[in-house]
Amino acid sequence: MLIPSIIFSFFLLNVAMRSIPPRWMAFHAWEAATLYATAEGDFAPNFHYANDHAFGDLANMGNLRSFRKYRREVFTTDEFGFRNPPGSGISKPPEFIVVGDSYAAGSGVSDRETLSVQLSDLTGKPAYNGATYRGHWATTKFLIDRLRMRNGLIVWEFSERWLVPESVRSETRIHSRNARLNASEDGELSIVPGKYRQWADDFLAYSPLDILIDRVLRRAQNGVWLPNPSSRAVVVDRLTNGDAMLFLPDELEGFYHPHYENSAYFSEVNALIRETGNELLVVLVPDKYNIYHAPLQGAAPAPSSQSHLDHLEQDLIRSNVPVLNLTSALRLQAAKGLQNKEYDYFIDDTHWNQLGIQVAANEILRYKKIQ
Amino acid sequence: MLFNSLNFLFVFLPVTYFVFWKLKSKYQRYVWLTATGYVFYSFWNYKFCALMAFSTVVSYLAGLGFLRWQSQQARRLCLILPVAVDLTLLGVFKYANFAMTTASDLANWLHVPLATPYLQIILPVGISFYTFHTITYIVDSYRGVITPTRNFFEFACYVSFFPQLVAGPIVRFRQVEGDLERIDHPDLPEALERGMSFFTIGMIKKVLIADSIAVVINPMLEQWHILSTPAAWLCALGYTYQLYFDFSGYSDMAVGLGLFFGIRLPQNFNSPYKALDLSDFWHRWHISLSTILRDYVYIPMGGGRGGEWLTFRNVMITMLLGGLWHGADWTFVAWGGYHGALLIATRYCSGQLPRVTQWLRKAVTFALVVIGWVLFRSTSFAMAASWLNRMFVWHRGPGFAGTGVLIALLLVAAYLAHFCPNTFELSHNWSSSATVALALLFLTCLVMILGGKASPFLYFQF
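These protein sequence lines map, in sequence, to chains Z and V.
Read left to right, the first sequence gives residues 76 to 446 (the numbering used here).
Read left to right, the second sequence gives residues 630 to 1091 (the numbering used here).
By construction, these hints were calculated from the structure, which means they are not laboratory data.
Check the hints yourself; a few may be wrong.
Here are some of the chain V residues that sit facing chain Z, going by a computed Cβ distance under 8 Å [to be verified]: (1) L837; (2) A843; (3) V844; (4) G1031.
Cut-off 25 Å, straight-line C-alpha distance, at most; resulting in silico cross-link-like pairs (SDA-like, lysine to any residue) [to be verified]: (5) V:K651 / Z:I82; (6) V:K903 / V:A970; (7) V:K651 / Z:A346; (8) V:K651 / Z:H128; (9) V:K723 / V:S1009.
Built from N, CA and C at the ideal position, the CB exists for glycine as well.
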């Protein structure tokens, strides 16, 4: 009966270890923060993470230990499950609400370095970080109402990798990890899935025993003792200054074969936001490969066709939707910083870093002043 | 759901086992095993349960037809119609696109315009196995070798019995008929201990040996066009042992699982790499398939009774069909033809073979089998040709990660395959220290099953 005992013990151990807090197991904040997200936002409410040895998602995904750039990361959420210090937005309505995906949320950077905090620091006015997995109308409406924002600016960050939804109505079918809030056709908001279901889903998905065993095996899969199959999940390219940089294969696909869509989504959102007495600014954020393609050694020539974001920008201008495309500004900063090895995206992560966010904040304010 | 998965080990198997032994009547146990077989299958794709059910019902009705009608005409109808249905299912789902592609390639070669559609067909897992179960049942019923059962769930349980459902062994009804009859009071002493031993050994063979070899050689084979000669040989030997330990390991697990429920599944591998010649090899490798090909294809065609040339024809047709059964690709057919040619040569030289020393016969047979596996594993003739060329003509090439680990694994695998008794030859009465050793190896298997599942999803990594 030794074998059944082993199976049973293993099962019990697997279950018992799920009580280990995710922040003890996570190499960076994002995954730990998104587990047990039982409030309106996509992050666990009243969550705090601090790690002096956090590193990038691409270095982990590709199991490339030599590419890790260790850094301190602090990630805090409020009672609604958004990335703000607890109690934010209650004292007085914000001037800015930043919505969007992990770029807007500040994946990889610390609390003081996010876009909303940098906007607040530059203007002296309160800003709220309402970013989640993706920018989403139901979430935006919830925040506008809950924070009682009027005459403010919704900074809607949209990154190159996504497709614009067909319409606001099509968003009502988005559930679970795509958005915690769902809006019915008559505007009723609800949290999906429910709190208990979310907790159960995350309990099943998160297994510290799996994680530990996987880490041990990935140590052996170092490309010497055993092949490293994870290395295929990322692309390693070298810049003209000698530094190597990691990219997602999807970014190369998106760069060389851009997709275009024609959608009234942002026109609808613009109209809905105006009805609340606020303004919208769609901020287009390019993928890292788009910015760093030019200074790569031996990269294939850029395609002659328009990029996805350039096409989207023109589409939004035609539809009178306020839009700011950050591609030029980020490329300029990338070119300036190349010699001193100052990058506006992390070498070992898909996301922009503090410098890239600073460029975005400055451009947003410059745009606002011009308008 | 695979045997070496946590869903199976933690949930499906314990529940199936405990409920089975709580049920007392034969009928209840047939129904339970049938239901669990369909649950097991539905983890892959629940829609194709209907296909398996259809094949089961058609074959069961054929059996009832044999019981009811004695006229040759009616019996022939009960034979031909269901077998045609089964072969049609197999043909459509497994070979339709292969046939289209072949026709298209041939038309291109002949400069004949021909537009062939590409059908979006999903190959149902296990269809090659369960259709052969039903076909052998129908043919054996027609021949009077077995008496068809009137109990639908007894038959359905035989077809959908989960241990042999998706990867064999291919079991004939007559091989398990007795055990199915006694399912409410199985007379198998120490079945649980023996079953556990088979299951553990099978898991170790598959996870620790076969899967570990695969981890190293698969990336090497993706670069088949630049392999060095040593690397080409390592890949060939690696795949030879990987395939054996994977397939025989899975068969051992199936046998062990069968014993948990009082069903003795037949042996599928009898130390094939100890074979003295190719004929001996085919008596030891995938025994359930080779005996079915012999009894239902080779012998009905005339076997060895029609003179030399007819015998050679029958051997070649049987082996070509055997190759095709393994997969819808010409490389499989070529592999079957290769073995057919070797069997013919063996038959031709059968008078001289006993003069050759045994170790030389074994070595040559093994080498010939290894060459055949190169063809079997290759995804194209170009790959096979390049790989074989690099094995026999000196080539330099890049080094590959994990070569040291691979060599160690090959030494262990070779020792076990060539010099150790196979699972059926063991007594399965383990000493305490052997039990602990096996348990530790099993634990290692669990660890390896649990690990190596790094999420490909960017936003969910730890």
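Here's how the hints hold up against the structure:
A least Cβ separation of about 13 Å between V:L837 and chain Z goes past the 8 Å threshold, and the interface hint is therefore violated. Interface hint at V:A843: violated, since its Cβ lies 11 Å from the closest Cβ of chain Z, which is beyond the 8 Å cut-off. Below 8 Å, beta-carbon pairs count as interface contacts, and V:V844 has one with chain Z at about 6 Å; its hint therefore holds. Interface restraint check: V:G1031 against chain Z, minimum CB-CB distance 4 Å, threshold 8 Å, status holds.
For the proposed pair V:K651 and Z:I82, the alpha carbon gap of about 21 Å is at most 25 Å, so the pair holds. Of the supplied pair hints, the one linking V:K903 and V:A970 holds, its CA atoms being roughly 20 Å apart against a limit of 25 Å. Our distance criterion of 25 Å between C-alpha atoms is broken by V:K651 and Z:A346, whose separation comes to about 65 Å. Distance restraint check for V:K651 and Z:H128: the Cα-Cα separation of roughly 54 Å exceeds the 25 Å cut-off, and the hinted pair is therefore not satisfied.
Between V:K723 and V:S1009, the direct Cα distance comes to roughly 18 Å. Compliance with the 25 Å bound is thereby established for this hinted pair.
Checked against the numbered hints given earlier, the structure breaks hints 1, 2, 7, 8 and satisfies all the rest.
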